[in-house]
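Chemist: Spelled out, the chains give:
There are 2 protein chains.
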Amino acid sequence: MNHQSADAEVARPRRRVSNVDESRAVIISAAAECFMRKGLDKATIDDIADEVGSTKGRVYHHFRSKNAIFFAVYRRAMELCFEAVEPVFASDSPAAQRLEGMAHAHAMVMMEHLPFQRGIRSGVEMYLHGSTTAAERETLTELIGIRDEYERLFRRVLEDGVADATLEVDDVPIVGRAILGALNGLTDWYRPRTGESGAEREAIARSLTRTVLNGVVRR
Amino acid sequence: MNHQSADAEVARPRRRVSNVDESRAVIISAAAECFMRKGLDKATIDDIADEVGSTKGRVYHHFRSKNAIFFAVYRRAMELCFEAVEPVFASDSPAAQRLEGMAHAHAMVMMEHLPFQRGIRSGVEMYLHGSTTAAERETLTELIGIRDEYERLFRRVLEDGVADATLEVDDVPIVGRAILGALNGLTDWYRPRTGESGAEREAIARSLTRTVLNGVVRR
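Those protein sequence lines, which keep their order, are chains A and B. Read left to right, the first sequence gives residues 1 to 219 (this note's numbering). Read left to right, the second sequence gives residues 1 to 219 (this note's numbering).
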């Protein structure tokens, strides 16, 4: 278990984070909540300022538009995924074991950072349909590139599993999408219960991981 | 193969469909295309009329609002799912075999009726966030009920598989969602290639089905 007491929190040496970074992080987090609750199209800068308990001015001090905030939410959502999954991908274990760890870690990120992950699911679609500026489309293309790079981690572990004979994969891109689809579905149906424990989320992640790794047909 | 010649089409006794039903079906189908192409929020009744090659008046003759058309698209999308999957569910085979057939049939519906299936994925969410009337919310609740009923077919076959010992399932609702998530992901990433054959779609459906049934870990 990784719970820290308040004292440990104070004693622990902290990464140096500027006040600007902290302000931005607070706004990004509040925006993710608003996007989840009201929908990306309906949420306003006012809603985000209310969620932060701040003024619209403070929000505009850091971001020039709602689109800019959405892009920051997207970027953070992908960072959270990479931070959880990349170390497992890069470990020395056989591919089947790495895939198991990656699937579990991905499922946990979906649940523990639900507003971030949920906000970005439908968002890109909406922006691609919408009237974006050339600069915004460039940012979107970059963000989609980051997402593709993340998806490639799963393809690469599947290829590694074919190579080390721990996995059986007939079509790497499609199987990769099946696995991520099964896990990403969490953003559609998972809602934390009041008082839910980390152990309950772990159990959900284990069931999903077992399904994508072992299937359901009795051996 | 089930291709019918034009003659066979003429000779075959047809289900009696009124002109009103046919007009409605054409509008619903055009609307599904528009929702996919422009996004649900951006598509207008004008776009739908253009797609049909008709006037706005004709569209309004059949539907009182864009919301009403969206609901009809949703209803039809679910009918298409039930038509493909329910007969397999109701067959006499062992549960593992029925699940295989159901997953394959569901994947094929996602691909062959992509505009319908894609339109409804983000739609309900948007309408729940949006400003709907009491009557509309009632319809939405009914439609979500239909979707839940569909999901129950998958849960029931999983339960049957535990009973007839052809499937190994630790948590029926979560495994059901993993399976549908893996298949529904198609609406995010599948786009038909120009000149794509039915055989190519069958191959995609088989890869997905094999993944959700057998997993990827080498036995």
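Hints should not be assumed to be uniformly reliable.
Since copy identity is lost for identical chains, a pair holds within one copy or between any two.
Stated by the list, open to error - Within a straight-line C-alpha distance of at most 20 Å, the following computed SDA-like cross-link-like pairs (lysine to any residue) qualify:
#, residue 1, residue 2
1, K38, R137
2, K42, T132
3, K66, S23
4, K38, T141
Derived by calculation from the structure, the hints in this document are not laboratory data.
Chemist: Does each hint hold? Answer for all of them.
Modeler: Structure-based check of all given hints:
no.: 1; hint: K38 x R137; verdict: between (24 Å within a copy, 16 Å between copies)
no.: 2; hint: K42 x T132; verdict: both (17 Å within a copy, 13 Å between copies)
no.: 3; hint: K66 x S23; verdict: within (16 Å within a copy, 41 Å between copies)
no.: 4; hint: K38 x T141; verdict: between (25 Å within a copy, 18 Å between copies)
The structure shown violates none of the earlier numbered hints.
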